[in-house]
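Asks: In case you want the letters, here they are:
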Amino acid sequence: MADDASSSSGCAGNIIDNSINQDELIMKQQREIEKEISETIPLVGELEELSSLEKEYNEDPVYLLKVKDLSSKYKYIRRTRPDGNCFFRAFSYAYLEHLLTDKSEYNKFYEIAKNSKEILVALGFSQFTVEDFYETFMEVVQRVGEQAGGTPESLESVRTELHDKFNKQGYSDYIVVYLRLVTSGQLQTENDFYQNFIEGPRTVTEFCRQEVEPMYKESDHIHIIALSNALNVGVRVKYMDRGEGSQVSEVIAHDFPEGSKPLVHLLYRPGHYDILYA
Amino acid sequence: MAEISEKYNTKCPGVKRLMREAMELAEATEEYCARPLEDNLFEWHFTVQGPKGTDFEGGIYHGRILLPKEYPMHPPHIILLTPNGRFEVNKKICLSISGHHPETWQPSWSIRTALLALIAFMPTPAEGTIGSLDYSPAERKILAKKSVTWACSQCGEIAALLSSTTAAKPITEEEKTVLNQIAFKAEDEQTAKPPEEPAHTQEPEPQVLESSEPTNSFLDQLTEILVALLVGAVGIFIYRRWNAHYPTSETEL
Numbered sequence: 001m002a003d004d005a006s007s008s009s010g011c012a013g014n015i016i017d018n019s020i021n022q023d024e025l026i027m028k029q030q031r032e033i034e035k036e037i038s039e040t041i042p043l044v045g046e047l048e049e050l051s052s053l054e055k056e057y058n059e060d061p062v063y064l065l066k067v068k069d070l071s072s073k074y075k076y077i078r079r080t081r082p083d084g085n086c087f088f089r090a091f092s093y094a095y096l097e098h099l100l101t102d103k104s105e106y107n108k109f110y111e112i113a114k115n116s117k118e119i120l121v122a123l124g125f126s127q128f129t130v131e132d133f134y135e136t137f138m139e140v141v142q143r144v145g146e147q148a149g150g151t152p153e154s155l156e157s158v159r160t161e162l163h164d165k166f167n168k169q170g171y172s173d174y175i176v177v178y179l180r181l182v183t184s185g186q187l188q189t190e191n192d193f194y195q196n197f198i199e200g201p202r203t204v205t206e207f208c209r210q211e212v213e214p215m216y217k218e219s220d221h222i223h224i225i226a227l228s229n230a231l232n233v234g235v236r237v238k239y240m241d242r243g244e245g246s247q248v249s250e251v252i253a254h255d256f257p258e259g260s261k262p263l264v265h266l267l268y269r270p271g272h273y274d275i276l277y278a
Numbered sequence: 001m002a003e004i005s006e007k008y009n010t011k012c013p014g015v016k017r018l019m020r021e022a023m024e025l026a027e028a029t030e031e032y033c034a035r036p037l038e039d040n041l042f043e044w045h046f047t048v049q050g051p052k053g054t055d056f057e058g059g060i061y062h063g064r065i066l067l068p069k070e071y072p073m074h075p076p077h078i079i080l081l082t083p084n085g086r087f088e089v090n091k092k093i094c095l096s097i098s099g100h101h102p103e104t105w106q107p108s109w110s111i112r113t114a115l116l117a118l119i120a121f122m123p124t125p126a127e128g129t130i131g132s133l134d135y136s137p138a139e140r141k142i143l144a145k146k147s148v149t150w151a152c153s154q155c156g157e158i159a160a161l162l163s164s165t166t167a168a169k170p171i172t173e174e175e176k177t178v179l180n181q182i183a184f185k186a187e188d189e190q191t192a193k194p195p196e197e198p199a200h201t202q203e204p205e206p207q208v209l210e211s212s213e214p215t216n217s218f219l220d221q222l223t224e225i226l227v228a229l230l231v232g233a234v235g236i237f238i239y240r241r242w243n244a245h246y247p248t249s250e251t252e253l
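Keeping their order, the protein sequence lines are chains E and V. Each residue of the first sequence is one higher than the one before, starting from 1 at the first, in full-length UniProt numbering. Each residue of the second sequence is one higher than the one before, starting from 1 at the first, in full-length UniProt numbering.
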């Protein structure tokens, strides 16, 4: 395929070709970086001691203080691949993992998940493509439900299974796509409210089409607010960045939706989300 | 279909999805039809009707759809085979949201979305986009007329492929807003996205397009060679006639 592409670009060798904008070059470089990332970092990694973060910031006293603050509340971290889908992947992994030990939360979630498809179809999303993602998503959710609250041995085996599925591109991406659709559905359903969060002249629908539904588009506050509201799941995000403020060493937390009890804990570093464990 | 399910890993979401789409599109409509090749679920052939009220009215256009192994995470490529005056033939074009990168393809779009968008996009101005042609209305109308008798080496007469009675499923409001936003353009670089797990037991990719289709530049070269040969032949002919009339000592040798 690559051969074919290069031969066809060769034949278009005219003015248009010369004006290939910087964009194309940047995109090419970006793809190379993505390729390298996908070869070296798993979609969802193994549990690691939080202290593994210290190694990343050996030379950075400000961040080392922040890691220290973080380690007073969390013991472990699970890294995800930085491919723009990390929020959705980290969120769903951490939440499904939590549901394994919380049957009543599972029952609540199952009802919400089951009804989510109808909401999307009513909004005009193509029934059969939505169904395609929904079925894979529910297949994984139901596997969790079958084992939720089971014996430690059965939990361990289903954890392994979950981990495998999240590292299989097919399953993992299908879950991400479905959550992106749910997020988009929530934004569009409550578009009067969410319009206030969108900068510039874009409508909520345009924003969804450009920033929510396509894969590899990074998540912002608005994505997290919408998804946590749509699924009624509390998410705490610890923001580890160079934010201003007097208490530099403190890692600030945000709960979504506000005032909820967080069941999923994520670590945010600029452009990326990982999972935190107490 | 039975054969396909034996050949591919149906547990793999991409394969399941494509089989679903094949079923969804199994019945030809007046506006479009598409189906996978018998031996390759990742390559389809399609036929669309030229949009009414445009230079393409009455035209029937045939082409190939190449599905990447990451489909539906990555967009399909479309290759038009019937000369149409709007898109170069034998060139991969790709859909994305107008003014955005191909990354704006959405997994919830489908082959139907791509075909409807292609039909809707045909009458838009070419504006020098890579892979676009800016033929005059008259030329496009002539091509539209000619297209009716065009035949595909694999599918036969394309006019027979579309239904004459079945209308396509009506376009929904959501689809309408999507279609207005989609643009087609040839991709200039084709650096592969991160490699992902093989979607199926057999690799359908290799059969795809490398060898069979002459690109435009190849055609141009061929024409040049032919012209050169012709000029040479005419030269020799004149030379021999010249000799016949004015024999020189050399020819007598």
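Calculated from the structure, these hints are not laboratory results. Bear in mind that the values here come from a model prediction, so they are computed numbers and not experimental data. Be aware that a few hints might be false.
Away from chain V, derived, C-beta distances all over 10 Å, residues of chain E [claimed, not checked]:
#, residue
1, K103
2, I119
3, F128
4, D132
5, E156
6, R209
7, M215
Below 25 Å or equal to it, Euclidean Cα-Cα: the simulated DMTMM-like pairs (lysine to aspartate or glutamate) are [unchecked claim]:
#, chain 1, residue 1, chain 2, residue 2
8, E, K114, V, E157
9, E, K103, E, E146
10, V, K185, E, E34
11, E, K75, E, D164
12, V, K176, E, E118
13, E, K114, V, E27
14, V, K169, E, E36
15, E, K28, E, E49
16, E, K168, E, D69
The beta-carbon is built from N, C-alpha and C at its ideal position, and this holds for glycine as well.
Asks: Are the hints correct? Go through all of them and say.
Replies: We went through each hint and held it up to the structure:
1. K103: 28 Å, holds
2. I119: About 13 Å separates E:I119 from the closest Cβ of chain V, which puts it past 10 Å; holds.
3. F128: At about 6 Å from chain V, E:F128 fails to clear the 10 Å cut-off, so the statement is violated.
4. D132: The claim breaks: E:D132 does not keep its Cβ more than 10 Å from every Cβ of chain V (closest is about 5 Å).
5. E156: Given a closest Cβ separation of 24 Å, the condition holds.
6. R209: Violated, since 7 Å does not exceed 10 Å.
7. M215: E:M215 is in fact no farther than 10 Å from some Cβ atom of chain V, at 5 Å.
8. E:K114 with V:E157: Measuring from Cα to Cα gives roughly 46 Å; hence the hint is violated.
9. E:K103 with E:E146: 10 Å, holds
10. V:K185 with E:E34: 23 Å, holds
11. E:K75 with E:D164: 23 Å, holds
12. V:K176 with E:E118: Holds, at roughly 20 Å.
13. E:K114 with V:E27: Given pair E:K114, V:E27 is violated - Cα atoms ~31 Å apart, limit 25 Å.
14. V:K169 with E:E36: 43 Å, violated
15. E:K28 with E:E49: With a Cα-Cα distance of about 35 Å, the restraint between E:K28 and E:E49 is violated, given a limit of 25 Å.
16. E:K168 with E:D69: 34 Å, violated
The structure is inconsistent with the numbered hints 3, 4, 6, 7, 8, 13, 14, 15, 16, although it conforms to all the rest.
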